[in-house]
Amino acid sequence: MTPESAFDSAALDNLLAAPLVLAIMLPLLGSALTTALPRLAPLLGTLIAVGTAGAAIWTTVAVWTRGPIHLVLGGWDPSLAIALRADGMAAALVLMANLVGLAISVYALGYFRAPDRAQSFWPLWLLLWAALNGLFLAGDLFNLYVMLELLGLAAAALGALTGSRDAITANLRYLLVGLVASLTYLFGVALLYTAYGTLDIGLLSSAIAADEPSPLDAAALTLMVAGLAMKSALFPLHFWLPPAHASAPAPVSAALSALVVKAAFYLILRLWLDLFEPILDLSASMLLGLLGAGAVLWGSWQALRAERLKLLAAYSTVAQIGYLFLFFPLLAATPPGPSRDNLLAALLLMALTHGFAKAGFFMAAGLVQTNAGHDRIDDLGGTAQRLPATTFAIALAGSALIGLPPSGSFIGKWLLMQGAIETGQWWWVVVGTLGTLLSAAYIFRVLSRAFGLEPTPIKFVTDARAEVPALMLSLVSVAVLGLASGPLWTLLGLNASGGGA
Amino acid sequence: MTKDPGRSGADARNDAAAAARAAERDRDLSLLLAVLLTLIGIALLGIYWLALNEAEGPRLADLALGLVPRTGVDNPVTAVLLNYRAYDTLMELAVLLAALLGIWSLGPAPAGFQRSGRALAAMVSWVVPLLILAAGYMLWVGGYAPGGAFQAGALLGAAGVIVRLAGDPSAGLPGEHAQRALSVLGVLVFALVGLALLWLGDGFLTYPPSLAKWLILLIESAATLAIGVALAAAYVGGRPATAPASTLASGKAGARTEPTGEGN
Amino acid sequence: MTTLLILFDVLLLGTLLALAFAAVLSVEPRRAVMLFIAFGLWLSLVWARMQAPDVALAEAAIGAGLGGALMLAAARRAARVRRSEANGSTMP
Amino acid sequence: MGAQFLFGGVGVVLFVLGLWSFLVHAPLLRKVIALNIMGSGVFHVLIAVAYRGDTAPPDPVPHALVLTGIVVAVSATALALTFGGRLMDMDKDGTDDA
Numbered sequence: 001m002t003p004e005s006a007f008d009s010a011a012l013d014n015l016l017a018a019p020l021v022l023a024i025m026l027p028l029l030g031s032a033l034t035t036a037l038p039r040l041a042p043l044l045g046t047l048i049a050v051g052t053a054g055a056a057i058w059t060t061v062a063v064w065t066r067g068p069i070h071l072v073l074g075g076w077d078p079s080l081a082i083a084l085r086a087d088g089m090a091a092a093l094v095l096m097a098n099l100v101g102l103a104i105s106v107y108a109l110g111y112f113r114a115p116d117r118a119q120s121f122w123p124l125w126l127l128l129w130a131a132l133n134g135l136f137l138a139g140d141l142f143n144l145y146v147m148l149e150l151l152g153l154a155a156a157a158l159g160a161l162t163g164s165r166d167a168i169t170a171n172l173r174y175l176l177v178g179l180v181a182s183l184t185y186l187f188g189v190a191l192l193y194t195a196y197g198t199l200d201i202g203l204l205s206s207a208i209a210a211d212e213p214s215p216l217d218a219a220a221l222t223l224m225v226a227g228l229a230m231k232s233a234l235f236p237l238h239f240w241l242p243p244a245h246a247s248a249p250a251p252v253s254a255a256l257s258a259l260v261v262k263a264a265f266y267l268i269l270r271l272w273l274d275l276f277e278p279i280l281d282l283s284a285s286m287l288l289g290l291l292g293a294g295a296v297l298w299g300s301w302q303a304l305r306a307e308r309l310k311l312l313a314a315y316s317t318v319a320q321i322g323y324l325f326l327f328f329p330l331l332a333a334t335p336p337g338p339s340r341d342n343l344l345a346a347l348l349l350m351a352l353t354h355g356f357a358k359a360g361f362f363m364a365a366g367l368v369q370t371n372a373g374h375d376r377i378d379d380l381g382g383t384a385q386r387l388p389a390t391t392f393a394i395a396l397a398g399s400a401l402i403g404l405p406p407s408g409s410f411i412g413k414w415l416l417m418q419g420a421i422e423t424g425q426w427w428w429v430v431v432g433t434l435g436t437l438l439s440a441a442y443i444f445r446v447l448s449r450a451f452g453l454e455p456t457p458i459k460f461v462t463d464a465r466a467e468v469p470a471l472m473l474s475l476v477s478v479a480v481l482g483l484a485s486g487p488l489w490t491l492l493g494l495n496a497s498g499g500g501a
Numbered sequence: 502m503t504k505d506p507g508r509s510g511a512d513a514r515n516d517a518a519a520a521a522r523a524a525e526r527d528r529d530l531s532l533l534l535a536v537l538l539t540l541i542g543i544a545l546l547g548i549y550w551l552a553l554n555e556a557e558g559p560r561l562a563d564l565a566l567g568l569v570p571r572t573g574v575d576n577p578v579t580a581v582l583l584n585y586r587a588y589d590t591l592m593e594l595a596v597l598l599a600a601l602l603g604i605w606s607l608g609p610a611p612a613g614f615q616r617s618g619r620a621l622a623a624m625v626s627w628v629v630p631l632l633i634l635a636a637g638y639m640l641w642v643g644g645y646a647p648g649g650a651f652q653a654g655a656l657l658g659a660a661g662v663i664v665r666l667a668g669d670p671s672a673g674l675p676g677e678h679a680q681r682a683l684s685v686l687g688v689l690v691f692a693l694v695g696l697a698l699l700w701l702g703d704g705f706l707t708y709p710p711s712l713a714k715w716l717i718l719l720i721e722s723a724a725t726l727a728i729g730v731a732l733a734a735a736y737v738g739g740r741p742a743t744a745p746a747s748t749l750a751s752g753k754a755g756a757r758t759e760p761t762g763e764g765n
Numbered sequence: 766m767t768t769l770l771i772l773f774d775v776l777l778l779g780t781l782l783a784l785a786f787a788a789v790l791s792v793e794p795r796r797a798v799m800l801f802i803a804f805g806l807w808l809s810l811v812w813a814r815m816q817a818p819d820v821a822l823a824e825a826a827i828g829a830g831l832g833g834a835l836m837l838a839a840a841r842r843a844a845r846v847r848r849s850e851a852n853g854s855t856m857p
Numbered sequence: 858m859g860a861q862f863l864f865g866g867v868g869v870v871l872f873v874l875g876l877w878s879f880l881v882h883a884p885l886l887r888k889v890i891a892l893n894i895m896g897s898g899v900f901h902v903l904i905a906v907a908y909r910g911d912t913a914p915p916d917p918v919p920h921a922l923v924l925t926g927i928v929v930a931v932s933a934t935a936l937a938l939t940f941g942g943r944l945m946d947m948d949k950d951g952t953d954d955a
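For the record, the sequence lines run as chains A, B, C and D. Under the numbering used here, the letters of the first sequence match residues 1 to 501, in that order. Under the numbering used here, the letters of the second sequence match residues 502 to 765, in that order. Under the numbering used here, the letters of the third sequence match residues 766 to 857, in that order. Under the numbering used here, the letters of the fourth sequence match residues 858 to 955, in that order.
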């Protein structure tokens, strides 16, 4: 089918596309293998996790060296086939998600000691991973729907893995909310197909930009964003998140809070920037910003009042997602140019930092819980003595959540505030400051309990396989992302957004 | 907002008066929502009308129909499902697998299954083979007429449901190992074919036209088995019991291990 | 001729909506499921009328058939739990 | 276009009806039925968009999307009902497995 003359370029396309395909297919194959060979699940799962992370790094390197990748599967006309795409923003998130995923996998090896637990965990976790990579790399609206459903089902099943009544109740609710959300999203997709006759994001983007703005576009946007906002737990649609994330096993909580919610947010951002930029006005962005502000304040307040460590972490996720939504009105008010690129990079930096920090925090919280038999914050005295490395991880991740220097979120918040002042939207500064103060309060509340007056520890690390991944993630969130955030700007310069196909 | 789906009846009886008040409030709320959603529905109808008017031309219809001769099948829907948008279909098999794994992760199927009447049991002996035959026919015919892997898989699943209704708690499914292998067959074959094509230089899930027909048939056969097994196993509603003879040391799965609530 | 056809379509769709409303509004679980199955089968009829035989087959077999079977099993289970509660056999 | 609007309009009504029922009815089974009707509404809209009169062949792309959607819907239904069944068993036994 391929003409001879085009063969070389097709072969090159294949090579370029290989990491994208592998990043999705390896975990999918891994899931099938661990299902079929349950007794080998931990071994196979670990191998696949390493391979998938390798494919993700390869993807990022490919984008870094050659620019955005766009691959039409099946060799058909782009409007008919499904496309995969990776640009700077996608590559950055894929890299974060897969490094966190690798850490979660290592941690899970130690966490799920009982064989039948491990046998249930691995295939579902790899499916979740495939869905995450699939979402970050998708270029087709209906394919996104299928990925969203895969993500939702796998996440709910993983969340209920403890089998406790609380976990099943919370995750049943999560499942149902997720289903309503994805059907709402799908309705928006159906409207777009009705009007424009294609599902490819790049083609739709040009088609929407070519037409006069119509109520149809606004309706499709509303439906799709409403569905995704439910999935990203945007205030006040966050009600399902705290119980679901707090009742899941620790590695699962880490994946849900750090990655799954972020994937839904990423999709909103992509739709906003890629598809609907031409039809948006400031008021729509302002509404998202206001909801984000509500999330920051409400989530932080609830985290401060939480009695359990994991519940605190879950409410903190609601607040941190809120911060990301504060960027929308600023982006809308900033004309394209360096200051807008700065805002986008800051947004991404905060998302990445939260990904690493929250995963590290949940994993450390899980260790505290298994070690002490509970995670009541008031009874955490002596944790620093028993689990020094874990407590250190909590402190590091906590400082990234607050936004202390030199963490990535410090720079992110700084640029957020700067943007707010530059665009004359000073009220976001108030929200940001209040949120930061509240988060400082809830983190220090945990740390002040954990550092009780007890003899100094003998050994820093007590259980390397479980503690090191948590520590690494927290370290990345504080040090690496903060001190070496420069490459992010380069990567973002490679954005294909708005460019179309 | 959403109520606890599984409330026990006992506490519901305790406060009947409060429940009555709550019911009244619920009625008001449901009426309010009905009005609100009616308005939203009217707006959506208007939007839908706009969308129909905005469309120019046949959308993807002519393009999709025109290329069918090059897809290796004659049924346009199968062409979309297994060629143009094969990646979607692969992921959809993954969704089905996720549901099945989620069901299995909650432990063995609940006891207390009740047998149905004798008439049904007698019916099974001729309905089930018929369904399996029909599934094979449906799979084959899907290449050029209405039908295909999903319909065929559904018939297999239906056969499983009938077998279970007739009194076999395992719905006629094989032992745990075979069940696990069969339920991932679709994803496995599909993904491996896709990757092999990438390896050979055609591109991921890009069939060479000369092989397309047979590759699609291979994928569809695997998918049919997987869908059938997954649907029947989902109906059973729990992890399969391990056949004691065929395994070495897994007395665990069969012995109704209670979930231990790890770390909670 | 065309008016007759439109009348036929309206009748087809009216029945579909009536079944959907009935399924959504019935309180008794088994009745609701039965109505849902009827709705699904009728839906596949409508889809066959709209030149979508592939999807009609799938909806009849998967949506109405297997989905309905799953729901019926759940309804039967709910009824059994309710019955055992009514007999006072629940633990405190 | 008239037929498309007539058929698709019913899909819109089904979507809204399902959403309403999902929001106001508490029992799991009713929520699941509501979700399925909501989904059928979206599918119905897609089938209507694919329909091009009785003489022209229909657009196969939405048909394939709906087929995918049906399988996804039944998967979700199965998982949700299993969760619900587990909760019901816990109620019946009066135990909490945690």
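Since the hints were derived computationally from the structure, they do not count as laboratory data. Keep in mind the model is a prediction, meaning the values are calculated, not measured. Some clues are possibly wrong.
Quick partial rundown of chain D residues pointing at chain A, CB under 7 angstroms, derived from the structure [stated by the list, open to error]:
no., residue
1, Leu-863
2, Val-881
3, Gly-896
4, Val-929
5, Leu-944
The C-beta atom is built at its ideal place from N, Cα and C for all residues, glycine as well.
Evaluated hints:
| no. | hint | verdict |
| --- | --- | --- |
| 1 | Leu-863 | 14 angstroms, violated |
| 2 | Val-881 | 13 angstroms, violated |
| 3 | Gly-896 | 6 angstroms, holds |
| 4 | Val-929 | 5 angstroms, holds |
| 5 | Leu-944 | 6 angstroms, holds |
Of the numbered hints listed earlier, those contradicted by the structure are 1 and 2.
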